[in-house]
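> I would like the entire structure built from these sequences, with the hints used as guidance.
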Amino acid sequence: MLSLTPAGLQNTPITQYLLYGTVLNATLASIFNIKHYFPIQLIPHFINYHQYWRILSWQLIYINAGEVLFGTLTFYNLRIVERHFGSRKYSSFIMLSFLYTSILTPLILCFIIKPLSHGRYQYLPPGPTALIFSILAQYHTIIPESYKFKVLNMPSAKKGLFLSNKIYLYILSFQLLFAQSPGSILEAVTGWIIGRLYVFQYLPGVKWRIPRRIFEKIISNTPSIFTPRQTSSNESERTIPTGASILNAISGISERPELSGAREHEIESIVAMGFTRHQVVNALIRANNDVEMAIQILLEE
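Here UniProt numbering is used: the first residue of the sequence shown is 1, the next is one more, and so on.
Everything labelled a hint here was simulated from the structure, so no lab data went into it. Do not take every clue at face value.
[To be verified] Quick list of the computed label-pair ranges, beta carbon to beta carbon:
(1) ASN288 / ILE214: 37 to 47 Å
(2) TYR202 / LEU107: 39 to 49 Å
(3) ARG212 / GLY21: 34 to 44 Å
(4) GLY86 / TYR168: 41 to 51 Å
(5) TYR52 / ARG277: 21 to 31 Å
(6) THR27 / GLN175: 18 to 28 Å
(7) HIS140 / GLY119: 27 to 37 Å
(8) LEU104 / LEU152: 37 to 47 Å
Being a predicted model, the structure only gives us computed values, none of them experimental. Glycine residues also receive a C-beta, built at the ideal position from the N, C-alpha and C atoms.
Dropping the structure here:
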């Protein structure tokens, strides 16, 4: 119910890296007892010890089990953004957001929050909360609502509180928002602002992409645990025929639906979101070749 998309991680290699990285980094930090290297405390880390390398490391791990759980669940349910962007654009966006949020959040803490609070607030908890909320800003803008439901019944049908299916993911992400406030709130707000600037293309470097040759090399070297299992030709031949396929074979009707009017690249772009070609073609037929309506049909199924 959190996300009306195909289950699993098919066609989402970057999300897979984020999931395994979140869990693995937290586990290794706990095993080697190095969790204390990731938070940022302005005094003494920056002022006394000049440990400026923490600017690029504080988003690498969550140190609490609860944050690891909610972080991985949120990353998983945000995989629809990768399917919408495509993995190359999504990975470029991740790198850009990581860089901006890693640098800007400590600067805001140092030059705005600390002076306004008279030095009371100067702690930044570790974890990719800022990155998650930057992705969440994309989800909020580009992913349509699949359905709405009424929470508070009123005598008048026009009154009441209506929520959409997206509320479940927002509730999940709010666990990270308040996990270690006020530092986690600062991270979330910074990430959301960076994400919104990316949406409206006000962020410097918004059109930058990882070079295709480098990206393809990274993806081709993805470990086998990240990639979906490929069925062999023998396995594909051992499919059990359905009643409909038998009738189609007898009557001479093709089992693969034909589609007129839809361009091949439109079909491939929807297939890249994690649906099978058969599902996409059927949805386009039902939607009279309207791509947006076909996507809506697929998400609701």
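> Are the hints correct? Go through all of them and say.
Hint by hint, here is what the structure shows:
Separation of ASN288 from ILE214 is about 41 Å and conforms to the stated range, judged on CB atoms against 37 to 47 Å. Between TYR202 and LEU107, the C-beta spacing of about 18 Å breaks the proposed range 39 to 49 Å. Checked against the given bound of 34 to 44 Å, the beta carbons of ARG212 and GLY21, roughly 23 Å apart, lie outside it. The supplied range of 41 to 51 Å is broken by GLY86 and TYR168, whose beta-carbon atoms lie about 25 Å from each other.
In this structure the supplied range 21 to 31 Å is violated for TYR52 paired with ARG277, their Cβ-Cβ distance being about 50 Å. Separated by about 20 Å at the C-beta atoms, THR27 and GLN175 satisfy the suggested range of 18 to 28 Å. For HIS140 and GLY119, the hinted distance range of 27 to 37 Å is satisfied, since their beta carbons lie about 34 Å from each other. Range check, LEU104 to LEU152: about 39 Å between beta-carbon atoms, so the 37 to 47 Å window is met.
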